[in-house]
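**Q** Going down the list, the sequences are from chains P and F.
Okay, so the first sequence: first residue is 1 according to my numbering, each after it adds one.
Okay, so the second sequence: first residue is 1 according to my numbering, each after it adds one.
In short, the hints are calculated from the structure, not lab data.
Just so you know, not all the hints are guaranteed correct.
[As the list claims (entries may be wrong)] Listed next, with one range per pair, are the computed distances between beta-carbon atoms: (1) P:138 - F:107: 47 to 55 Å; (2) F:142 - P:86: 48 to 56 Å; (3) P:405 - F:57: 41 to 49 Å; (4) F:74 - P:519: 46 to 54 Å.
Ideal placement from N, C-alpha and C gives every residue a C-beta, glycine not left out.
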Amino acid sequence: MKIVIGEGSCGIAAGAGKVHSAIESALRGTQGVDLGLTGCIGMCFLEPIVELRDGETLVRRLVRVSEKDAEVIAAAAVSGDLSMLDRLCIQPEDEEFLDKQTRIALRHCGIIDPTGIDEYIACGGYEALKKALLNMTQDQVIEVIKTSGLSGRGGAGFPTWFKWNATRQSPGKKYLICNADEGDPGAFMDRALIESDPHNLIEGMLIAAYAIGSSEAFVYVRAEYPLAIVRLEEAISQAKSRGLLGENILGTDFSCDITIKAGAGAFVCGEETALIESLEGKRGMPRLKPPFPAQKGYKNMPTNINNVETFANVPWIILNGGEAFAAMGNQKSKGTKVFALTGKIKRGGLVEVPMGKTLRDVIFEIGGGMIGKSAFKAVQLGGPSGGCIPADLIDTVIDYSAISATGAIMGSGGMVVLDETTCMVGVARFFLEFTTNESCGKCVHCRIGTKRMKEILERIVKGEGKEGDIELLEELCLAIKDGSLCGLGQSAPNPVLTTIKYFRNEYEEHIRSKHCPAKQCRNLLRYVIDPEVCTGCTACARHCPTSCISGRLKQPHSIDSDKCIRCGMCVSRCKFGAISAE
Amino acid sequence: MSTSGSSDLSLLDGVMSEYSQAPENLITILQKAQDIYGYLPVDVIYYIAQRTGVKPAKIMGVATFYSQFRLEPVGKYLILLCNGTACHVNGSEEIERLIGEKLFIQNGDTTADGLFSLRKVSCLGCCSLSPVMMINDEAYGSLTPEKVIDILDELARNARQEEGL
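Whole structure, please, built from the sequences with the hints as guidance.
**A** Okay, here's the thing in C-alpha cells:
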C-alpha cells in the first residue's frame with residue numbers, strides 16, 4: 001500500500017505539507033506502507049487530497065484531509081481495514097469532475113511523482129524524444145505538428161508548426177523560449193503543469209528545439225511560482241544526469257541546454273517581444289512587429305516562443321500521431337484545452353476538455369454549477385485581455401473563433417464564473433485597474449487611455465456617473481485598440497466592451513438610478529432594518545461607528561442614511577438577519 | 001542621491017563573479033541582491049552599475065519597472081494580498097480595507113513599528129481558496145474579516161514575544 005499526497009501549490013496552501021508531515025510521523029515504526037507525493041490532481045475544491053494506492057490502482061481517494069486525520073489514515077493503510085476511512089472518501093458525484101475530462105496535457109498530473117524522473121520514464125516518458133531524435137527528420141516533426149492542428153495555447157491560437165517552421169527557415173543561431181509568465185489573474189494551468197509534470201515540459205521543449213535546430217532554450221517563469229521553479233530545476237538536473245539534456249542527447253548529434261529565468265513581476269512580459277526584452281535584462285517593453293521573433297528575437301536571432309501548455313501537448317502528439325490529436329476537437333480548433341475553473345463555482349480546479357465542448361459542459365457538467373443560491377450570470381474568459389460571456393450565451397462552443405465572436409478571447413485558460421452578486425461595472429473597473437498598473441507606458445493610448453477609462457469606471461461605481469459616460473468609454477476602447485502596439489493594449493478594452501455589450505442596462509442603472517443591481521458598489525447601497533425581524537437588541541446601534549442607528553431597547557431600530565458610511569458593520573453584528581442592503 | 005552607503009557590498013561578490021559578465025543577467029543580479037539585502041539600497045545599485053557596466057539610470061529603470069523590486073526595506077511580515085479575479089469576486093477588497101483600517105497602512109506601505117508591509121499582488125494562483133493572502137511564504141486561505149484580525153493579532157503577539165526573549 002502506498003499513501004500519496006497531492007502537493008501542488010494550492011494543495012500545500014490548503015495544508016497538504018502539514019498533512020504529509022503528520023502522516024509521516026504516524027507511520028514511523030510501521031512497515032509495509034510507502035509515503036509519496038504527486039502534483040496537482042486538479043480538484044482544488046477538495047484539497048488537501050490523499051490517495052491510497054495499491055501498485056498502480058487507486059484504492060481510496062480521501063478529500064479535505066486535515067492533520068487530525070493522519071493517525072487514522074496511517075492506521076488504515078497499515079492494517080488494511082479501509083472502512084475507517086469512509087467519512088473522508090470522495091463523493092461519487094465529485095468523481096465526475098475527473099471522469100468527464102479528456103486529459104492530454106494534464107495526463108500525468110496528480111498521478112506521477114514530479115520530484116523524480118523514474119515515474120515519468122515508467123509511464124512512457126522521453127519515448128517521444130527518442131522517436132523524434134532517432135527516427136524522424138526535423139521536417140517530419142514539423143509535419144506531424146502541422147497535421148495535429150496544434151495552435152498556441154497561450155491565448156492567440158497561432159498555428160504552432162508555422163512558428164516552428166519560420167524559425168527553422170531563418171538563418172543564424174536559433175533560440176527556443178518557453179513562456180511560463182502566466183500573469184492572468186485567475187489562471188494557474190501553466191503553474192500546475194510545471195509543478196506536476198516538469199519532465200513533460202522539458203521533453204516537449206527538446207522536441208521543439210530539435211525541430212527548429214536550436215541548442216539553447218529558456219523557460220521564463222513567473223517569480224510568484226517558487227515551487228514551479230524548484231521542481232523544474234530538479235527535473236533539469238535529473239534529465240542531464242540521464243543524458244536526456246545537454247551534450248549529444250541520447251547519443252545523437254543533437255545538443256540542447258535549458259536555462260530557467262525567473263520573471264520579476266510584469267504582466268506585459270507575457271507578450272513575446274516584451275518577454276524577449278526582459279530576458280535580455282531590460283525593461284519588458286514590447287517591440288514593433290515585424291520583424292517577428294521567428295526572424296529577429298532574442299539577441300536579434302531567430303527565436304521561437306511557445307506557451308507551457310503548447311509544449312506539454314507535443315510529446316503526446318509525437319507518440320500518438322498528429323491525426324489522433326486532430327481527431328479531438330471540432331472543425332476549427334483541434335485537440336484539448338486546459339482551463340482553470342474558479343469563482344462562484346461548486347467544483348473549481350483544473351479542467352481539460354476537447355475543443356468543441358460548450359461552456360455549459362465545463363461549468364455545469366464538470367464544475368457542478370454554482371456554489372451558492374445565486375444564479376449564474378456570466379463567465380469571464382481570458383483575464384484582463386478577455387471578456388465576460390453572459391448566461392444566454394452559455395452554449396457557446398469552446399473554439400478560438402466561437403469564443404472570439406462573443407468579444408471575449410480563449411486566452412490562456414482562466415475561466416472565472418460570476419453570479420448575480422457580481423457587479424459587472426465593478427468587474428470592468430477591476431480589470432482596468434489591473435491593466436492601468438501593468439501598462440508598460442510605451443504607447444500613449446494604452447498608458448493614458450486605460451487610466452482615463454479606469455477613472456470613468458470609478459466614477460460610475462461611486463454613483464457619480466453621468467450621461468455620455470458609456471459612449472465615451474466606447475470611444476476610448478476603439479482608440480486604445482487602434483493606438484497600441486502590443487496585445488496588452490489592444491485587448492485591454494475587452495472587459496469594458498463585453499460588459500457594455502451584454503450588461504449595458506447595469507451601466508445605465510448605475511449612472512441614471514445610482515443603483516447597483518448586484519448590491520456590491522458600496523457608495524450606492526442603502527442599509528435598512530426590517531422592523532418585522534428586528535428585536536431591538538441594540539447590537540447594531542452599539543457597534544455603528546457613526547451612531548446613525550437609533551431606537552429603543554426591544555423596539556425596532558432604524559438607520560439614518562444621511563449619516564451612514566456604509567461600512568456594513570451593522571449587518572455583520574445583527575444576529576437576526578434584520579438588516580439588508582438595498 | 002548619495003552613491004555611498006552602509007550596505008556590506010562584499011556580500012555580492014559571489015553573485016557578481018557568476019553573473020556580472022553578461023548584461024542580460026541584470027534582472028537575476030537584482031533578484032539575488034534583493035534576496036541578500038531585503039530590498040535594493042541605492043549604494044548597491046551603484047555598485048552593480050560599476051561592476052556590470054550598465055548605467056545606474058538603466059538599472060533604476062529596470063528596478064522600477066518590475067513589481068518584484070523594492071527600493072525601501074519591508075516589514076518583518078510581508079503581507080501579499082491576492083487581487084486575482086477569483087479573490088476579487090469573493091471579497092478581497094473588503095479584506096484590503098480591513099487590513100488598512102487595522103494597521104493604518106495602504107498598499108505598498110509599512111507600519112510605523114516595522115512589523116507589517118502590505119502589497120497587493122495580481123494572483124497567487126490558489127484561486128480555490130479565495131480570498132487568499134500570503135505572509136512570509138505561508139498562504140492563508142478562505143479569509144473572513146474575523147480570520148484576518150486573528151491572524152494579524154497572533155503575528156503581532158509572536159513578534160512581541162520574540163523581542164521579549
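**Q** To test your reading of the hints: which numbers does this structure violate?
**A** 2 and 4
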